[in-house]
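Asker: Sequence:
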Amino acid sequence: MHMGRVLIVANETLRSEELYDAVLARAAAGHTLRFVVPLRIPRYAELGGLSMYGFVSLEAADADAVERDGCARLDEVLARLDRDGVRATGRVRCVDPMAAIDRELERHLVDEIIVSTKARAISRWLGVDLPRRVERRFAAVKVTTIENRVRVNAVAG
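Residue numbers (my numbering): 34 to 190.
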């Protein structure tokens with residue numbers, strides 16, 4: 034019997050209860066679980082920096098801090114799953130979500146892609162129609178969107 038292979042795509046919603054419940058359900062069904070955390074490295078100007086030329090590189094230390102934060106969130110979720118008896122793997126990628134999915138699918142076959150987003154009113158991923166873009170690009174793979182209804186900080190604890 035073939036067990037499913039699930040790629041979970043999440044960033045700021047990684048620790049949400051909605052996503053955790055969905056992951057536990059896949060684990061209970063015997064699916065193999067892999068996370069990818071695509072990190073958006075903010076441009077310097079978005080952090081309040083100014084440049085007479087309109088662009089300035091983000092300091093390497095700031096980019097490293099964003100990556101460390103993403104790794105810490107992923108490690109926290111993987112450890113929580115492990116405590117609950119669920120084995121999962123994952124990695125952080127400093128690329129946009131589509132590129133992160135592309136890179137994961139170059140190395141891992143999957144039967145389902147879960148895209149975890151913030152609530153529609155504040156979700157950048159829903160704003161750029163990421164779930165539908167993933168469905169079109171990977172038509173042979175089931176795509177599930179988990180839209181988190183509450184602010185992630187409220188459940189991140």
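Where hints are given, some of them may not hold.
[Said to hold, decoys possible] Distance windows between CB atoms, simulated:
1. Gly37 <-> Ala96: 11 to 21 Å
2. Asp95 <-> Arg38: 13 to 23 Å
3. Ala105 <-> Ala132: 35 to 45 Å
4. Ala132 <-> Arg38: 32 to 42 Å
5. Met36 <-> Asp117: 26 to 36 Å
6. Arg153 <-> Gly118: 28 to 38 Å
7. Asp102 <-> Arg136: 30 to 40 Å
8. Gly118 <-> Ala154: 31 to 41 Å
9. Ile155 <-> Ala98: 36 to 46 Å
10. Arg101 <-> Thr122: 31 to 41 Å
11. Asp117 <-> Arg169: 13 to 23 Å
Calculated directly from the structure, the hints in this document are not laboratory data.
Idealized CB from N, CA, C, for every residue including glycine.
Asker: State for each hint whether it applies.
Answerer: To see whether the hints hold, each was checked on the structure:
For glycine 37 and alanine 96, the hinted distance range of 11 to 21 Å is not satisfied, since their beta carbons lie about 35 Å from each other. At about 35 Å, the CB distance of aspartate 95 to arginine 38 disagrees with the hint of 13 to 23 Å. In this structure the hint that alanine 105 and alanine 132 lie 35 to 45 Å apart at CB is violated, the actual value being about 22 Å. Alanine 132 and arginine 38 have their C-beta atoms about 20 Å apart, which leaves the hinted 32 to 42 Å range violated.
Separated by about 18 Å at the C-beta atoms, methionine 36 and aspartate 117 break the suggested range of 26 to 36 Å. Checking the proposed 28 to 38 Å range against arginine 153 and glycine 118 shows it holds: the Cβ atoms sit about 33 Å from each other. A hinted range of 30 to 40 Å for the beta carbons of aspartate 102 and arginine 136 is inconsistent with their spacing of about 20 Å. Evaluation of the 31 to 41 Å hint for glycine 118 and alanine 154 yields a pass: the beta carbon distance comes to about 36 Å.
For the pair isoleucine 155 and alanine 98, the supplied restraint of 36 to 46 Å is violated, since their beta-carbon distance comes to about 22 Å. The hinted range of 31 to 41 Å is not satisfied by arginine 101 and threonine 122, whose Cβ atoms lie roughly 19 Å apart. Between aspartate 117 and arginine 169, the C-beta spacing of about 34 Å breaks the proposed range 13 to 23 Å.
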